[in-house]
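Visitor: Since the structure of chain A is provided, determine the placement of chain B on it from the hints.
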Amino acid sequence: MYIQSTEIIDTFAEAFKMWGSRFIVTAENQKWARAAGRSVTGFATSVIGCKCEAGIEGELVPDQTPDGRPGVSILLFGFSPDGIGKRLVERIGQCVMTCPTTACFNGLEGGEMVVVGGKLRYFGDGYQASKLVGDRRLWRIPVMEGEFLIDESFGVQPAVGGGNILILGRDSRTTLEAAEAAADAMRIPGVILPFPDGVVRSGSKPGSRYKALPASTNDAYCPSLRGSAPKTALPENVRCVLEIVIDGLNESVVRESMRRGIRAAARDGIVQISAGNYGGNLGQYKIRLNELVQVSP
Amino acid sequence: MKLRLHTLPEVPLEAEVISPDCLQGLSESEAGTLPIFHGNRKVALSEFFELSGQVNKSDPLVELEGDLSRVKLIGHSMSAGRLVINGNVGAHLGASMKGGEIVVHGNAADWVGREMSGGRIVISGNAGHMVGSAVRGSSAGVQGGEIIIHGNALNEVGNGMRRGLIAIGGNTHDFTGVNMLAGTIIVLGRVGMRPGAGMIRGSIIAMERTEVLPTFTYNSTIQPDFIRFYLFHLRKLGMSIKDEFINGRYERWSGDSVELNKGEILMFAG
Numbered sequence: 006m007y008i009q010s011t012e013i014i015d016t017f018a019e020a021f022k023m024w025g026s027r028f029i030v031t032a033e034n035q036k037w038a039r040a041a042g043r044s045v046t047g048f049a050t051s052v053i054g055c056k057c058e059a060g061i062e063g064e065l066v067p068d069q070t071p072d073g074r075p076g077v078s079i080l081l082f083g084f085s086p087d088g089i090g091k092r093l094v095e096r097i098g099q100c101v102m103t104c105p106t107t108a109c110f111n112g113l114e115g116g117e118m119v120v121v122g123g124k125l126r127y128f129g130d131g132y133q134a135s136k137l138v139g140d141r142r143l144w145r146i147p148v149m150e151g152e153f154l155i156d157e158s159f160g161v162q163p164a165v166g167g168g169n170i171l172i173l174g175r176d177s178r179t180t181l182e183a184a185e186a187a188a189d190a191m192r193i194p195g196v197i198l199p200f201p202d203g204v205v206r207s208g209s210k211p212g213s214r215y216k217a218l219p220a221s222t223n224d225a226y227c228p229s230l231r232g233s234a235p236k237t238a239l240p241e242n243v244r245c246v247l248e249i250v251i252d253g254l255n256e257s258v259v260r261e262s263m264r265r266g267i268r269a270a271a272r273d274g275i276v277q278i279s280a281g282n283y284g285g286n287l288g289q290y291k292i293r294l295n296e297l298v299q300v301s302p
Numbered sequence: 115m116k117l118r119l120h121t122l123p124e125v126p127l128e129a130e131v132i133s134p135d136c137l138q139g140l141s142e143s144e145a146g147t148l149p150i151f152h153g154n155r156k157v158a159l160s161e162f163f164e165l166s167g168q169v170n171k172s173d174p175l176v177e178l179e180g181d182l183s184r185v186k187l188i189g190h191s192m193s194a195g196r197l198v199i200n201g202n203v204g205a206h207l208g209a210s211m212k213g214g215e216i217v218v219h220g221n222a223a224d225w226v227g228r229e230m231s232g233g234r235i236v237i238s239g240n241a242g243h244m245v246g247s248a249v250r251g252s253s254a255g256v257q258g259g260e261i262i263i264h265g266n267a268l269n270e271v272g273n274g275m276r277r278g279l280i281a282i283g284g285n286t287h288d289f290t291g292v293n294m295l296a297g298t299i300i301v302l303g304r305v306g307m308r309p310g311a312g313m314i315r316g317s318i319i320a321m322e323r324t325e326v327l328p329t330f331t332y333n334s335t336i337q338p339d340f341i342r343f344y345l346f347h348l349r350k351l352g353m354s355i356k357d358e359f360i361n362g363r364y365e366r367w368s369g370d371s372v373e374l375n376k377g378e379i380l381m382f383a384g
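Residue numbers (the numbering used here), protein chains in the order written: chain A, 6 to 302; chain B, 115 to 384.
Next comes chain A alone, as it looks inside the complex:
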């Protein structure tokens, strides 16, 4: 199947069952909300190396936040509710509570709850105070600038991680431009692209010749290894491959994000669009690229 001159490979992205959380960070202005958002989602590209995957889902105007201030919505994914709870405590404690003027609120209704503010409150050293609004308990933690307000508990829900597309281009510039366009198109509510500005160049395969490593470079997609790796997945005219990884709160948003990405990336100079999988043996979701492309925009 082709979109213009770009071949859409008849393959599938193999995605995994994960758990996801959404939280809202508000601040005096968008600058500080964004600063906290960037900080709390730093070093959260891959669950293998970072214990979680996180990103800014979007920016929020005052009407969309619980305290009527500008904010950002953040999604964070992990392999278990307990693991997400630990990451939230670490990251919100170090990156949001520390950031001037911020407050932090749960962004998911229902589902399982993990205690976050209820643990961070001890930073208040006995001066913390709680407030109960309906069934929602908030903690006021005194800080040098004033108070840090945070929900006691945050919701987590089953989610989908590891959706992906691979963009195989004739040269690095064209491939990077296609990846940037795809990443822009793929940012829809309910998904994040956890790698730097959404794009990853060091896609991995599971395992390594070195026992300590759980993953290593995806040699079949490295243009410089075309002659030395056991096999290559690259046509002769491909000199650069970039990947976009997608995590979402459910399968349908991941599929929609991928569909938009494929459409946006396909162009002259992009030879193929493919996807990473492990033969269908590891992930619970198989998202076929051809099915996505056949869906009307």
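Just so you know, these hints were derived from the structure itself, not from any lab. C-beta: ideal position from N, C-alpha, C; glycine also. Honestly, I wouldn't trust all of these hints.
Restraint-style ranges between C-beta atoms, simulated for each label pair [claimed, not checked]:
| hint | chain 1 | residue 1 | chain 2 | residue 2 | range |
| --- | --- | --- | --- | --- | --- |
| 1 | B | 354 | A | 9 | 54 to 62 angstroms |
| 2 | B | 141 | A | 139 | 19 to 27 angstroms |
| 3 | B | 219 | A | 158 | 30 to 38 angstroms |
Distance condition first, Cα-Cα at most 16 angstroms in a straight line; then the derived EDC-like pairs of lysine to aspartate or glutamate [to be verified]:
| hint | chain 1 | residue 1 | chain 2 | residue 2 |
| --- | --- | --- | --- | --- |
| 4 | B | 116 | B | 144 |
| 5 | B | 350 | A | 68 |
| 6 | B | 212 | A | 140 |
Guide: Using the frame of chain A, we list chain B on its own:
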């Protein structure tokens, strides 16, 4: 189900049975036999009320019409559903309430929501003394839930309050938040004398300047985000909240130092 007061009582009625919990599943005739007290005399509900319809299971609603200012204990121990009162209502409305919602289109007498633990009471007019308070001799008042009074309230709002929210759209009289254990009282108008006397924890938020007791200490003038959160919550519930309150700064006074000194009065400072 609708209840209309057809005979004005000479002395107060005690009508604990008027709640969705007690009336659900009953026919008009069955509900009419439920006992209430007229003074010290036990009478049937139908002696004072005309009943029509039934309480719907999926949306348990009880509507009351008439001058109920001599009818006490409506919504007592209510746990779910809605009770809508079109007219003034007597004392102890929603006492010991656990859930659901009571809406009064009129004024309420004393002891609104005393010792309630959940649910919401909304009064469009004024309320009497002891809103959300503990009964005399009891150590704890409101233990949860919300009381929203759009008008004024009299003395001892939130006496012994332990948890929850009381919001007054107008003014309060003396001893607002006396002996508070915790919880939040927001007064959009003027607060009477000696607010927070004997309070242990909790917050009294006042939008007009008031004199505080000498056992309270000024801390700082701050912009606590939780006030914004509460005010937005109240705005969503239909209270009229000025933008200047949401974006304003508040003087924080901690006290009462004759107790734990962990309570606070936050006064709007512009």
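Visitor: Out of the numbered hints, which ones does the structure contradict?
Guide: 2
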